[in-house]
Amino acid sequence: MSSNRLVIEGEVVALDLLRYTPAGIPLVNITFRHTSIQNEAGMKRQAECEIQAVAMGELAKKAEKLNIGEQIKVTGFLAKKSLKNDRLMLHINELKTI
Amino acid sequence: MRILRVALDLPVDTLFDYLDGASHVKVGQRVLVPFGKRQIIAIVLARVAVSEIADNKLKAILQAFEDEPPLPAATLQLLKFCADYYQYPLGQALLSALPSRLREARPALLPKLTVFKLSEQARAAGLEAIAPRAKLQRLLYQALQNTEHLDATLLATIASGWRNGIKQMISQGLVMTAEVEHLLQVNLASASVSPPLNADQQQSLDVILAEREAFKVWLLYGITGSGKTEVYMHLLQAVLAKPGSQALVLVPEINLTPQLEARFRARFPQMHMVMLHSQMNESERLHGWLRSQNGDARIIIGTRLSVFTPIKHLALIVVDEEHDASYKQQDGMRYSARDIAILRAKSANVPALLGSATPSLESWHNAQTGRYHLLQLSNRAVLGAALPEIKCIDVRQLPLQEALHPQLIAAMRQRLEHGEQSLLFINRRGYAPVLLCNACAWVAPCTRCSSRLVVHLRDKRMRCHHCGHEQRMPMQCPKCGNPDLRPAGQGTQRLEELLTAQFPQARILRVDRDSMRNKHAISAMTKAVHAQEIDILVGTQMLAKGHDFPHLTLVGVIDTDSALFSPDYRAAEKLFAQLMQVSGRAGRAGKSGEVLIQTAFPDHVLFQALQRHDYVAFADSLLQERQMANFPPYCFEALLRAEAPHYEPVREFFRAATAASETLTHNLAVYDPVRPRMERLKGMERAQLLIQASARPALQKFLRSWVTMLRALPQAGKVRWSVDVDPLDF
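Protein sequence lines correspond, in order, to chains A and B.
Basically this note's numbering = 1-based index in the first sequence + 748.
Basically this note's numbering = 1-based index in the second sequence + 575.
Misleading hints may appear alongside valid ones.
BS3-like mimics (lysine-lysine), calculated; alpha carbons at most 27 Å apart, straight line [to be verified]: (1) B/921 x B/817; (2) B/634 x A/828; (3) B/921 x A/810; (4) B/655 x B/1035; (5) B/817 x A/809; (6) A/829 x B/1035; (7) A/829 x B/1054; (8) B/612 x B/903; (9) A/844 x A/832; (10) A/792 x A/832; (11) B/742 x B/710; (12) B/1276 x B/1257; (13) A/829 x A/813; (14) A/809 x A/792; (15) B/1054 x A/832.
Note that these hints are calculated values from the structure, not bench results.
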């Protein structure tokens, strides 16, 4: 059970300030909105969602420079936000502006 | 009687016999003796005619320090009593009370000063003894003629080339050298003016002075800022007017000595004064000790270790902040300096004055039952200065991540606008008390203690505040791999950071053990605060007591609630005293003060009493509780502690100790061994066993037999154990 990979595109709607972990790893939280047309049961439909994501290390420096409204394509894995919060968080492995 | 009975610094409760090696060493003097392959320092306690050891087996001492002043009989007797009372080997008790220089195998004497004086012949011959051309020598002659002798410093002020001149005069037999005792320097400045005493202060002073010739314990209960120190100083002035008399002033913390020293020196510029505390270098401590012993020092100010200092003509003992826990020694011989001070006063038949704004329940109880005599200062000394208003801020509504309540922030902003100072008190140094992984709930533990590591963010390190262990900040959670670890909770550094963000224009100073590491940091801090170069102080209990900052009008207290629910029955007493102390920093000089305490339990009785400044009611209610539960001061306690790298030998030791106690007849309670809150400390597994008795003699009688049995237990060799009589911490 090791598959955990999500590729998704969206528009940046919120970008937190860059912060550092206690050991000094840079980290930034991003929220982006995804809107697309997908196939389901042989029919077309709209897919819309807001994704909370985090970029760490070198990717955080890159993510920090994004602008609100910018279109991005990210690849990453999902994990729950914290022990007490089951909301999913996308941990970014690759980040491209499109 | 050529046999010396001596005490050695060894963990055995016996004395040792040596031949005196044809020396005339006296009781109380130091000797160097062979012990196995080592050579160690011993104190002579007696000369005896016969030894249990055959004469031909006795060894001779290696060296006798016959020129040194012997420890006075009173000091030997005091330490003998302490060794007995605290169940500690006499040799260790004696030697650990001495300054470390006295435990070294070299002479320990006061520094001598080389001085130069005219020979009889030169004096008789007059100035004609020197050729008129020798101008320098004539100048020196004239200077020496007017006085008994001069030292190098003084001669240098007469002529820079004095050395050559003196050398020639010595070779001609005109000048001789001599060694004299180096006396303490006095300051020739005039004494600072003593402010007039208010009615309370004057009355307390008069009452004590009326009975200054005999032993009596006075408990001076004075609210914060009521001028207790002023009473001490007036008392000293009166008592020291008698030529040669000396006074011992005990203070709880090294941090407070420079401040107190400055005040005393300003008031008594002509009095020889010594300081005695552990941060002095070894020879300074030795000289202070010797100058107290020979009577040169009139005022001796020191922390707990100074309580054993021999004092030639002791006339008064003052114990400032008598409730303070630092008077209790926490390792070796676990003595209470306050209790020993009282004992000393009794045997010297002089008064002992204990001062506090929140007396210990023991002392309060003694005052209630008439053993001590209560004196009260109920007004602030500075005219118009009132006690600060204390309010609780309910933080239950506050989101957890917010450390400061808006009400406190608003109050601080107001102080800033008025150019007044605020103090934020939080009893935790570092950035945050724990490092937490919120993906899996891991917290960074200490590898050697059952404690958590404290985050020191600036150094990117985590430290254990119990054992000193430290390590680098982990890159990720060692359990689940999450790199986004969170410092949780508040420490001084984090508050400092928060305040800097909140008040970017304010001058903020953090005061804790980390920022005050430097020897002069404290006095620099005090100076800066007095000069109003600081707007906000953030600090630990270091800031809580003693300081007198006239422009400080607001005190904020953060995060004290954990002490409300501590299993330690003294926790409430300690917290009340601490909060009273820290509250007392506000509004001391006529500007009204305010204290805001952030708590989730604003209705707690402790805070209710605190808001009314009602120590008396709170102390009485605590005493009632203690009486019902039969806790001190209504019973007498001793604690047996033991520790070892593994728990098994500790368990075995306690099993044997309990069995031993059952063979003794006694009417006291011997409880089962338990693990203390810190089960593991510095890599040692710990346990302890409490004994409670309704009377001190019963406890002492039991301990004497029991501790002798414990020393002989085979299990005792496999653990590190100690007995704590009248323990303060559990």
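Hints, one by one, checked against the model:
no.: 1; hint: B/921 x B/817; result: holds (20 Å)
no.: 2; hint: B/634 x A/828; result: violated (77 Å)
no.: 3; hint: B/921 x A/810; result: violated (76 Å)
no.: 4; hint: B/655 x B/1035; result: violated (49 Å)
no.: 5; hint: B/817 x A/809; result: violated (77 Å)
no.: 6; hint: A/829 x B/1035; result: holds (25 Å)
no.: 7; hint: A/829 x B/1054; result: holds (17 Å)
no.: 8; hint: B/612 x B/903; result: violated (35 Å)
no.: 9; hint: A/844 x A/832; result: violated (31 Å)
no.: 10; hint: A/792 x A/832; result: violated (36 Å)
no.: 11; hint: B/742 x B/710; result: holds (14 Å)
no.: 12; hint: B/1276 x B/1257; result: violated (33 Å)
no.: 13; hint: A/829 x A/813; result: holds (24 Å)
no.: 14; hint: A/809 x A/792; result: violated (38 Å)
no.: 15; hint: B/1054 x A/832; result: holds (17 Å)
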